[in-house]
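Got chain A; can you put chains G, R, D, V and Y on it based on the hints?
Residue numbers (the UniProt record's numbering), protein chains in the order written: chain A, 1 to 316; chain G, 1 to 316; chain R, 1 to 316; chain D, 1 to 316; chain V, 1 to 316; chain Y, 1 to 316.
Keep in mind that the hints are not guaranteed to be accurate.
Identical chains share a label here; the pair holds if one copy fits it or two copies do between them.
Under the rule of at most 25 Å between Cα atoms (straight-line distance), these lysine to aspartate or glutamate pairs were calculated in the DMTMM-like manner [to be verified]:
(1) K26 x E212
(2) K133 x E29
(3) K26 x E136
(4) K245 x D267
(5) K257 x E179
(6) K245 x E266
(7) K245 x D268
(8) K257 x D298
(9) K245 x E259
(10) K133 x E56
(11) K257 x D268
(12) K133 x E266
(13) K26 x E179
(14) K133 x E179
(15) K133 x D267
(16) K26 x E48
Hints were generated in silico from the structure; no laboratory data involved.
Protein chains: 6
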Amino acid sequence: MAMSDLQNISQRSAGESFHIDTIVRKLHEARRTWRTSTQRVQEAGAREFPARAALEIVLNHLSGALFPMRLGPPDLRQESEDIYVAHALDVALNALLGQVYLELSLSTRKDREADFSRRHQHARELVGLFAQKLPEIRRLVDTDVLAAYRGDPAAGSVDEVLLCYPGVRAVLVHRIAHELYQLGLPLISRMLAELSHEQTGIDIHPGARIGESFFIDHGTGVVIGETTVIGSRVRLYQAVTLGAKRFKAGAGGELVKGEPRHPRVEDDVVIYAGATVLGLITIGRGAVIGGNVWVTQDVPAGAHVTQAHVQQATKS
Amino acid sequence: MAMSDLQNISQRSAGESFHIDTIVRKLHEARRTWRTSTQRVQEAGAREFPARAALEIVLNHLSGALFPMRLGPPDLRQESEDIYVAHALDVALNALLGQVYLELSLSTRKDREADFSRRHQHARELVGLFAQKLPEIRRLVDTDVLAAYRGDPAAGSVDEVLLCYPGVRAVLVHRIAHELYQLGLPLISRMLAELSHEQTGIDIHPGARIGESFFIDHGTGVVIGETTVIGSRVRLYQAVTLGAKRFKAGAGGELVKGEPRHPRVEDDVVIYAGATVLGLITIGRGAVIGGNVWVTQDVPAGAHVTQAHVQQATKS
Amino acid sequence: MAMSDLQNISQRSAGESFHIDTIVRKLHEARRTWRTSTQRVQEAGAREFPARAALEIVLNHLSGALFPMRLGPPDLRQESEDIYVAHALDVALNALLGQVYLELSLSTRKDREADFSRRHQHARELVGLFAQKLPEIRRLVDTDVLAAYRGDPAAGSVDEVLLCYPGVRAVLVHRIAHELYQLGLPLISRMLAELSHEQTGIDIHPGARIGESFFIDHGTGVVIGETTVIGSRVRLYQAVTLGAKRFKAGAGGELVKGEPRHPRVEDDVVIYAGATVLGLITIGRGAVIGGNVWVTQDVPAGAHVTQAHVQQATKS
Amino acid sequence: MAMSDLQNISQRSAGESFHIDTIVRKLHEARRTWRTSTQRVQEAGAREFPARAALEIVLNHLSGALFPMRLGPPDLRQESEDIYVAHALDVALNALLGQVYLELSLSTRKDREADFSRRHQHARELVGLFAQKLPEIRRLVDTDVLAAYRGDPAAGSVDEVLLCYPGVRAVLVHRIAHELYQLGLPLISRMLAELSHEQTGIDIHPGARIGESFFIDHGTGVVIGETTVIGSRVRLYQAVTLGAKRFKAGAGGELVKGEPRHPRVEDDVVIYAGATVLGLITIGRGAVIGGNVWVTQDVPAGAHVTQAHVQQATKS
Amino acid sequence: MAMSDLQNISQRSAGESFHIDTIVRKLHEARRTWRTSTQRVQEAGAREFPARAALEIVLNHLSGALFPMRLGPPDLRQESEDIYVAHALDVALNALLGQVYLELSLSTRKDREADFSRRHQHARELVGLFAQKLPEIRRLVDTDVLAAYRGDPAAGSVDEVLLCYPGVRAVLVHRIAHELYQLGLPLISRMLAELSHEQTGIDIHPGARIGESFFIDHGTGVVIGETTVIGSRVRLYQAVTLGAKRFKAGAGGELVKGEPRHPRVEDDVVIYAGATVLGLITIGRGAVIGGNVWVTQDVPAGAHVTQAHVQQATKS
Amino acid sequence: MAMSDLQNISQRSAGESFHIDTIVRKLHEARRTWRTSTQRVQEAGAREFPARAALEIVLNHLSGALFPMRLGPPDLRQESEDIYVAHALDVALNALLGQVYLELSLSTRKDREADFSRRHQHARELVGLFAQKLPEIRRLVDTDVLAAYRGDPAAGSVDEVLLCYPGVRAVLVHRIAHELYQLGLPLISRMLAELSHEQTGIDIHPGARIGESFFIDHGTGVVIGETTVIGSRVRLYQAVTLGAKRFKAGAGGELVKGEPRHPRVEDDVVIYAGATVLGLITIGRGAVIGGNVWVTQDVPAGAHVTQAHVQQATKS
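Next up, chain A with everything else stripped away, as it sits in the complex:
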């Protein structure tokens, strides 16, 4: 292609108004710079990533398979439940299979030569293991729904809870994402968690371990960190943070990843809105943490921690 022709084209094309050719070139350089500079931390290069759209399909079909009459197609009749559930599982698991394969390809990048079909076999095994956990996930979410119904005087029925409560939605997605996290799929599980975060405003890291009958009311602004451990029958309100206090840095100043650094919350604890609980501490069984309280040390079982309510009221 002669240069003069190409020049003609770029001058005639929108380049004329907006200099698109120049911007394309500069953006190209920016990508090259970035790829060079991050070679150490980002080794994946240009390979394909799990796709958000595919994971939405996985999530919708799994939700339908778990709760066909409430989260499945609106015109489903009860006598077709099992046929629908089988189909929804088939679609969800096959779609998940493709995404798992992509994540495995990323994480095993170095031995790219590794047997193509061995990786497929691995993906298949992981999805199979995940599939076996679905009945237990359903059982756990049933306890969550009941906990919400019992814990909120505004809840009119268990159906209202399942249809309306963002906290229940977030926990349902978390229980799915957590199983995938356990199977060694941090990226997919994190992407699923963010789909739920975006919709509900509740940010639960897929690494968190959460017992049964868990209820988050209202939920906007809740953050639950990666190494948090939560017992049974725990109740949280909006804007509660279960976070890390400080991060451990390695010799070179780089953060050490994956260390336990979040709270252990024992059974039957209640944490009210806006409370912040930080660090590898324990909130003992049955404790109650008041709203907006800041907690960075162990709380004994059964304790009630509240803010001191130091306020100034002045007539204006």
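For chains G, R, D, V and Y alone, kept in the frame of chain A given last:
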């Protein structure tokens, strides 16, 4: 159908990889267990529920009918406004009619034999009553838009307010949902409220009673409980909670539902970001509640309540 | 059209059930009242506004042009990157051109007679200026991605950061919106910011000036006001507010718009979850603001400000 | 609603430009006139009709259930075939059930009081009977596919035949539509036939009875009338008409509907492009009808009928 | 932009595999050549054309406005008919207005300087005139539907005719397109006609003049030329051609456009399948033209013209 | 999975109403029977086929790349033509690459072990070769458009021709499909041809060789066979068949595939509506074949062949 055939099929089908048949059976059992165990609280069984997708249609058309040039179709010309409004109302009210019928069917489940057409007649009456409220809803939201424009120095025009402010969106949806709540439709009104909560991060229970010229700035994390009563010209900022302090339990330990348990906020009150106001208390006319303040007792009219600002500043 | 005919029609049409004709008339009157009463503040009348759907197209194509392999089409191959980038830019800039023209038409309403093509020329110049900023926007977001990867022990790779972190999404949109704000397009830039606010729960006014390597973790509930100035390498957590303390009112009681009223946050500052920083104050370089702290006065460089942790713990 | 208001509205609305109010009134009158004048022939009034969109769903899912790997979803894997087939049948048959109920409601209009659930029961029985015919339909279409492959030297594989040949598509739809016609559902079966007619240009009335191994090549313009009977291994080319010669009129001049009036085409007949075969005549076994021939009388078995080829060739 | 950069880009981009840059350049040259060479016949250059998608919207809404309960939305209730009709007209006429403006811009290209708003005014007048014809169009199509019901023994009801018969669909579209043709909009009317041709296989030039009670049975392959004139109560079958015999050429050998060159078909004529009627001849009132007959001369009123049926039948 | 459980499920599921389990089993058996019986002719088994939806994407983007201002996006501006063309080519060629790979996999099935990447390399070469032909395809279609404009007195402009004429659409698709056929891709090319056949009613086998300036008017029902050869400046009308007379059968009675068996039509021939030309004969340069004529022998150059017009006209 011979068993051996079916076994063949299930072995050949995806069952082979993922044992879908086993999972289907276990999920079936889980649903049976759940349905048996919740018979007392959840009496609705397998009947059809109001559908989120249908309510989105209702909401979009009502928004367009109320504000045709701003929330209606982008190419609407002013001379077609009334024709569009009539059509949008017709679509919205007929779609709502179907959903109201479904909710009535749920709530009157016991006398299932009840006259089919009587229930339709009831649904029609409710939608008719709701429709009569629309001009008043428009008038109220006009006061809200003006309050936002006047209350925010960053607001460039009333149009910017209506197009961009999540607080105005949330109040618009609430004023619609509240009318339906008043008419005895708790499920539909709650589903509408959650559509708005998801989008704006503002969680207003449809039971809350809110006066005119109401403005929520930024909004993420605001929670307003079921029995809250708010006067005119009230202004809230993000992450404000108007919640319940504790729940009343019945003899059997079950929560008493529907009791008044949330604050009364009188005219001209301002509540700054992150403040938590709990319980059946009164915030008197013109009071100002500072950011992050925790309030569980009455505040007199005109008072300014602020946090004590107990802080430690240390050089690192 | 004879009145009797029209009456027939309206009686026969849905008016019969829901009195749509009456509601249409009342809503018409409400609009007339509103338009009359707001003539002073809202001068735009019935003219066309920038459209949310068009701005979503702009944003998606710009995101793809900036990060083709991560935010572009899922099946893009690296060898097609530049062709895709050129096309995405072409689509985005032309769509933006139309919206800019609409905003210019609104703001120059008074001299409606002004040369039609002069306004087009102006729009074209603004979009051209904006386009030149895109490589710099890419460079800045690269620093943000790296800051997130380095600042969060839960981040597994820079790709995970770009694909999953709402804070990075919010900053990417802000850097685009801010350039448009700088060019005198407050409405479009605000609408873009609200698209991101809705998705991420992070509310950054497009007027805010933010340095490189900026990281917001979790993010839900963060609010950053119009005249905020943020240095380099600053880190925020969820629910942090950088807001105004009080608004300046003019002689007539109307708020003065656009005045500097938000914090200056210098380089290397960290602000933990739920902290509220208000007013035209300075948080000095390297300062650390603890969670839930309320700050309304200057904080010296290097200081650590934490809540006093006044709590009452009682055994229940 | 006061007349003057309504008049205002209609003058202000688009009526001003296009007099929409007048047109609405005139169209209303046109409908009233029509409904009055056709009361005898059209008794259905305003009740709901089977919907084209619903029948497209039925057809797509039945096609997928019959040929899952060729006409089902593109990414179906063979090991999921049965699960997909069960789901596709479930969707198709339930959607069909709704449409059958609508057609039954139309045809039993006079005894509108008839038991609502009796009609549902009837619809359910009809769909059940139809469902039982599906394996036989699959077997017949398999013979058609093979006939096409064997009869066309341009056919490269049986897969190409199933994927590409409009004649096969038309026969597949016909075999489905014919079963529904046999069950007393003339409207649904005709609507299905027209979906195929539109796509393929082949117009087969659902009443026609067609034996196995039937092949239509190219197909555009083929017309096969309601009472046609076609044997096995018959082959047609494009633009062949199997039509009625004349219609029988009753005493009052009205056409007698449903009388046998189309050809009987025996086994192994071939009819070439453009031939027209009219009336209740018999084309004997193994006969060959040449292109563009006009046949209105019986053709004996084994005969070859060709046009006399009377042509004039002149040098220009 | 330096040439070497651009060369780099094009080599790195898909150019490497498919030499896209070369193809782009060659296609660019092809367009330049074409535009130069056709300057005389194609004067429109790069200006915008009426869009098929917009015309589909016009057609769908007009169909719905004319037959709301049959061709309008499937869930329309009779009591909402007029509101729906008004809205459908409003949408259709405004969409048409935009397309008419585009066609007028094309045809008045030479005086491009002509008053922008004068052309808008003209478009508005044309659409207003068209709108006034809609009640008459409805009346005519009513006669067509009745003619189909009466003329086809296979027609079970007038509703089946309106829902299923491609001939009725084609005539409905023609009656709309013809009015636009009469108003001087040849391009829009032709595009509408082709939308119908594609769906029904019936090709009626919008210039053809057709009387009431017109019925085309089956229809595939029917062609009706631009200057054809058809009386009342005419019936055609599939593959009938009403065409031109030869074209008149000007001095330079170019065809003279728009000359009368097609048949006049008087009242009550029937033309059977495959008949070809060519030239500016008259088929007299009540004549019957047999199938596959070739007619190029006047046919007297009441005559029956049939093919001589010269055939050879041989035993194979 | 215990049999009794599965039996329970199938009885409870829709099986109860429609016996879906039985139908699934019978359809499964039907597929097994078919796959066994056709093993010889259909060796492809369960592997993936080129997909219609993907080919529609290919076709739409190629059409846009060839005629950006007429067949590209409706709002394309001329100054963005080349950028759009590059992008459309990139999308089309990459999508085509995937489909070509699938077809190659089918046809090389026996040596399944063959190098995976060798097949990819082959697909890439074929698409590269095809891409080089696009400028020539554009040039040819330009001659076709001009031929249509010049040959039809009803054609108002070359733009009308490109936007409206189904004959031009069919030839455009054919010229694309033919190149792919030449490259050894019979299935993809046939599927493309059928996309066009469905839309236009014109059935051109991709194997046909067609010279420049080709025009088909009206077009419905035209059939052009696989081994047809057509010269330059040929004109056809609707329902013309260029077909095979008889098929050559092998020893075993099976048709011999791919033999030359269709007409050679030399330059400047005109064939009028409904004419049927069959067999490996030659229609000499400049010949004119009249409407409905049946031709099975060579026609000398310049000859005019017309039907003898044997008709009987009787007064009724």
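Consistency of the hints with the structure:
{"no.": "1", "hint": "K26 x E212", "in the structure": "between (53 Å within a copy, 19 Å between copies)"}
{"no.": "2", "hint": "K133 x E29", "in the structure": "between (47 Å within a copy, 14 Å between copies)"}
{"no.": "3", "hint": "K26 x E136", "in the structure": "between (52 Å within a copy, 9 Å between copies)"}
{"no.": "4", "hint": "K245 x D267", "in the structure": "both (22 Å within a copy, 22 Å between copies)"}
{"no.": "5", "hint": "K257 x E179", "in the structure": "within (20 Å within a copy, 35 Å between copies)"}
{"no.": "6", "hint": "K245 x E266", "in the structure": "both (19 Å within a copy, 23 Å between copies)"}
{"no.": "7", "hint": "K245 x D268", "in the structure": "both (23 Å within a copy, 18 Å between copies)"}
{"no.": "8", "hint": "K257 x D298", "in the structure": "within (24 Å within a copy, 34 Å between copies)"}
{"no.": "9", "hint": "K245 x E259", "in the structure": "within (12 Å within a copy, 37 Å between copies)"}
{"no.": "10", "hint": "K133 x E56", "in the structure": "within (19 Å within a copy, 34 Å between copies)"}
{"no.": "11", "hint": "K257 x D268", "in the structure": "between (30 Å within a copy, 22 Å between copies)"}
{"no.": "12", "hint": "K133 x E266", "in the structure": "within (24 Å within a copy, 49 Å between copies)"}
{"no.": "13", "hint": "K26 x E179", "in the structure": "between (43 Å within a copy, 18 Å between copies)"}
{"no.": "14", "hint": "K133 x E179", "in the structure": "within (8 Å within a copy, 43 Å between copies)"}
{"no.": "15", "hint": "K133 x D267", "in the structure": "within (23 Å within a copy, 48 Å between copies)"}
{"no.": "16", "hint": "K26 x E48", "in the structure": "within (24 Å within a copy, 33 Å between copies)"}
Violation of the numbered hints given earlier is absent; every hint is satisfied by the structure.
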